[in-house]
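Engineer: Residue-level listing of the chains:
Protein chains: 2
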Amino acid sequence: MVVTGLGQCCWDTLTEVGEFPLPDSKTETLRWEEQGGGPAATALVALARLGLRCRFAGVVGDDAAGTLIRNGLSQEGIDVSGLLTRPGAASQRAFIMVERTGGRRTIVWQRPTGAPLSPAELEEQFWSGSAFLHLDGLMEEASLHGAREARRRGIPIMVDAGRMRPGMRELAGLCDYLVAAEQFFLDLGWNGSEEHFARLADGLGPPAVTVTRGDRGSLTRHGGTTCHVPAFPVAALDTTGAGDVFHGGYLFGLIKGWPLRETVVFASAAAALSCLHLGAQRGAPRLDEVSRFLADRGISVPSA
Amino acid sequence: MVVTGLGQCCWDTLTEVGEFPLPDSKTETLRWEEQGGGPAATALVALARLGLRCRFAGVVGDDAAGTLIRNGLSQEGIDVSGLLTRPGAASQRAFIMVERTGGRRTIVWQRPTGAPLSPAELEEQFWSGSAFLHLDGLMEEASLHGAREARRRGIPIMVDAGRMRPGMRELAGLCDYLVAAEQFFLDLGWNGSEEHFARLADGLGPPAVTVTRGDRGSLTRHGGTTCHVPAFPVAALDTTGAGDVFHGGYLFGLIKGWPLRETVVFASAAAALSCLHLGAQRGAPRLDEVSRFLADRGISVPSA
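Chains A and B, in that order, are what the protein sequence lines are.
So the first sequence is residues 1 to 304, counted in full-length UniProt numbering.
So the second sequence is residues 1 to 304, counted in full-length UniProt numbering.
Worth flagging that the hints you see were computed from the coordinates, not collected in a lab.
Be a bit skeptical, because a hint or two may be false.
Unchecked claim - Derived CB-CB ranges, DEER-like:
| hint | chain 1 | residue 1 | chain 2 | residue 2 | range |
| --- | --- | --- | --- | --- | --- |
| 1 | A | Ser74 | B | Ser25 | 50 to 58 Å |
| 2 | A | Pro230 | B | Glu140 | 13 to 21 Å |
| 3 | A | Pro23 | B | Asp62 | 47 to 55 Å |
Claimed, not checked - Quick look at which bits of chain A chain B covers, simulated, 3 or more residues with Cβ under 8 Å:
| hint | segment |
| --- | --- |
| 4 | 27-36 |
| 5 | 81-95 |
| 6 | 234-242 |
| 7 | 246-252 |
| 8 | 262-276 |
Think of the CB as a built atom: it goes at the ideal place given N, C-alpha and C, for glycine as much as any other residue.
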């Protein structure tokens, strides 16, 4: 049993600054860290930390960042046989400045220069033993192909919809669980009400649709009802990757066969814990950390 | 014959952005490059490109950046036997955002976490065959020790004074050529006039004192007279490291025994050429590039 993921991976530099720099200034950082990031890659790292086997497909360049991304995923125990290296290309990079006071987060990023994964590059080996497919929709062609292939094979699909992108509507129609950022629904014209969310979610097609709204929690539409799960209040240092860790926790609950509400509560706890650390992947918690966090709040995790 | 340099080296990430990012925004870069930087290290890279043998002493951490710094200097043919690695420490890093329009340059940087070079770590081997010592004054104790040791051995000394720092006045008094950034003289209370510069320069002690002022050229005080050398107008992409390349060109002229004015003109040409590329070291020109640049402007380089 393995969870297969397909999408973006990148190498992030995270810095903590007292205040966001003024243009033309020189600002000394309070902290400087580097680690992997990217929606699909981070969701798999979260899932691997929770104890599940994962396999990742994506692309990197043959630069130093590509090596760091690959080694980082391998060190988490993730099978990177589907992670291809594009010769002469640059990997995706991001420089993230988090303000100590004020908490504003500013990202300067570089698009990967290599070709995205093509459908032909999703080999048979990628599917071997796959119990779930997770897609962040960032490589349109390969994602759509992967979703169709997963349906054909009877493998359930989760789609992380960060915003409305080409192919995202079709991808939403192919998946079982659409777990979207608020921006995706705003792109659809959402007015922010629960009723409007229900109407939009029902129109998208998947049996379960969740929208995450940061510290305002999440809404999940399933079986004709909508449930709101509040976010756990924590003293967040950095919210980078919190949504991706939420996806990892969500996948974990689904694979364990937990009820959807418990699954979302678990995902929220994992995401909250991830905000206590700088960066997307550093703070992704282990299962015992999430269980303890929930137990401290009188919530018991369904037997794993 | 080798030029020995002691001071700072770092690993720079340089990005070109359309406009300086707003706080809390996500900005895609137009370009993303990584390369070595740091005043003393960049001056030596410039000198090595011009064809001279160089030896560098400084510190890096045992992180990925430290390896990249060391390899970068080695690839330029610089002897890095004096570059020490501090276990468990982070190397100096900088993230530099250059605006395509407007040209503002914003730096977010990390101080190295390892101990600076100590006087005891400047071993005999560092001095072997040394014809000139270049100091950027960024490791106070080792720099002062190095300057005294060079005087004892009769090795001429250039000091790059970026700003007024502890020990900088003493270091200025020990050197033969003080080549300072404008900020250093502003820190001394300079009112910007040639007369006041002459008075301040004469009070510092070194036989030759130069102040560089970016695209407004430089002033040099020597033998009781002050000479102004204009900057060469170029379509600058990025001025990072231009002052350091100026030091490299200056050292080259001195070692070749050229008159001081010709030396400064040559240094100005090297610095101007370096501004055509992103980053401190990428644009440091080779001797034939500087000669051609000067010849195109009707200036011939003294026989090298």
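Engineer: Hints first: check each against the structure and report whether it holds.
Structural biologist: Quick rundown of the hints versus the structure:
no.	hint	verdict
1	A:Ser74 with B:Ser25: 50 to 58 Å	violated, 33 Å
2	A:Pro230 with B:Glu140: 13 to 21 Å	violated, 54 Å
3	A:Pro23 with B:Asp62: 47 to 55 Å	violated, 34 Å
4	27-36	holds (count 5)
5	81-95	holds (count 3)
6	234-242	violated (count 0)
7	246-252	violated (count 0)
8	262-276	violated (count 0)
In this structure, the earlier hints numbered 1, 2, 3, 6, 7, 8 are contradicted, and the remaining ones agree with it.
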